[in-house]
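2 protein chains.
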Amino acid sequence: MKTSRMRVEMYYWPTIQGRGEFVRLLLEEAGAEYVDVARAKGGMAAMMRFLEGDEPGALPFAPPFVKVGDTVVSQTANILAYLAPKLGLVPDDEALRAEASQIQLTIADFVAEIHDTHHPIAGSLYYEDQKKEAKRRAQEFVKERNPKYLRWLEDVLARNATSEGRWLVGRNLTYVDLSAFQVVEGLRYAFPSAMARIERKIPRLVALRDRVAERPRIAAYLKSERRLPFNQEGIFRRYPELDATAPRRGSRGGRKAKR
Amino acid sequence: MKTSRMRVEMYYWPTIQGRGEFVRLLLEEAGAEYVDVARAKGGMAAMMRFLEGDEPGALPFAPPFVKVGDTVVSQTANILAYLAPKLGLVPDDEALRAEASQIQLTIADFVAEIHDTHHPIAGSLYYEDQKKEAKRRAQEFVKERNPKYLRWLEDVLARNATSEGRWLVGRNLTYVDLSAFQVVEGLRYAFPSAMARIERKIPRLVALRDRVAERPRIAAYLKSERRLPFNQEGIFRRYPELDATAPRRGSRGGRKAKR
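Protein sequences, first through last, are from chains A and B.
Its first residue numbered -18, the first sequence is counted upward by one per residue in the numbering used here.
Its first residue numbered -18, the second sequence is counted upward by one per residue in the numbering used here.
In case anyone wonders, no lab produced these hints; they're calculated from the structure.
Remember, predicted model here, so these are calculated numbers, not experimental data.
Possibly wrong hints are sitting among the right ones.
Treat identical chains as interchangeable: a pair holds within one or across any two.
To be verified - In silico DSSO-like cross-links for lysine-lysine, where the CA-CA straight-line distance does not exceed 27 Å: (1) 129 with 48; (2) 22 with 116; (3) 124 with 113; (4) 112 with 124; (5) 112 with 129; (6) 48 with 182; (7) 113 with 204; (8) 116 with 182; (9) 124 with 48.
Based on the provided sequences and hints, a complete structural model is requested.
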């Protein structure tokens, strides 16, 4: 399937970046022909038909999903792994593709933990109804998990001699670099003081973020109306109380990294 | 690469089923030649060398990971998608492979939510230090998320006319059926009363579970010492207070399914 012939219908909630943004960044960097369906007239109803099982093809559990020809593909990392080879944004080599996928899935875990800082009890409840638990979870996130994930991304860059530490996988930009950019952007929005403290320890990742932001198509996209602003409905939310430095507590914890 | 020639080194925490069990089930059903490295002498040290970056190849964020030849592959869903084609446990068709992957990734999200019922604040803290939050999260899980995921799996089966609702993807058993089996087993262990209430609503999924349990290699595996018992260190834990029926509360919640 040639890029120039492939038309992608992309479905995601129309008012947030959310998980859909990882797909939008891929499509924008590739210059792909795509429609962000739910943002057009009648699009939400069209999206709901898929979620309610009224359309043929694989049943999505949740947005984002894409339709390419007759094929419906859901789950962010799976969408990216499906589209990237057709758009030239991942190498052909099987081992490098598996490596790209493992990085993307680790970013997906990271994103889920970022989301749960403001929704540690349930996505179906308001933030205000789980604020106390959110504060506790966010403290652990800022202290332990955020540095752990960011340093892992830094280490992956440092190990990639093929690109002299410029890109996460292989010699050139891939879809996982776009996703890493988005995570840094989102964290800067949601946790500005935590990020201000940690960024000097992750220079390669910060340079990667800049390199992606300067790509001509990404730069144009970020300035366009297609790029939704961060807001208090998405994954990355700015609640200053969650970004605050936690007082050091006496702790019994610290064991167990098994999951 | 032929099955008979391929030797898989599998790395996971040696005392729990955890996420590693999805990989073990695949290897067992396939009759693959594999070593569960961390359960052998010196194996934990060998595993830690990968996690600390002292081995070549892609850097795993966490176990499970596998080594096949010189290739290191991590992230459960990615490991399965990498091994299954070599072991005949997923169809060749690109759209069916994408569908298998999206189901596996949805199961991975389900598993993460199951884990977080007992660790809603942090994996690094003891259950006892987040018991109150766990009870609240588990109530939402039992009421909303568990039925939603299980009914989605039931719907996916109902829609798969190719196998007359016997398997999740395509005509025959694939790796995602093994994973669905494991989730039902784990939920029966961790949430026996919630499962007792819901199982009559998911007859196809229960029949799938039985069908997998009766596969000769799986049946032999489940009886062997290679199958670790469920315990209070893994993803699926039996805390009766988390399985209790929640009193209906007046609630402001219920909005927002976006993630």
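Evaluated hints:
{"no.": "1", "hint": "129 with 48", "verdict": "between (35 Å within a copy, 23 Å between copies)"}
{"no.": "2", "hint": "22 with 116", "verdict": "neither (39 Å within a copy, 42 Å between copies)"}
{"no.": "3", "hint": "124 with 113", "verdict": "both (17 Å within a copy, 22 Å between copies)"}
{"no.": "4", "hint": "112 with 124", "verdict": "both (18 Å within a copy, 21 Å between copies)"}
{"no.": "5", "hint": "112 with 129", "verdict": "both (24 Å within a copy, 25 Å between copies)"}
{"no.": "6", "hint": "48 with 182", "verdict": "neither (40 Å within a copy, 30 Å between copies)"}
{"no.": "7", "hint": "113 with 204", "verdict": "neither (37 Å within a copy, 45 Å between copies)"}
{"no.": "8", "hint": "116 with 182", "verdict": "within (25 Å within a copy, 37 Å between copies)"}
{"no.": "9", "hint": "124 with 48", "verdict": "neither (40 Å within a copy, 32 Å between copies)"}
Hint check: violations occur at hints 2, 6, 7, 9; the rest are consistent with the structure.
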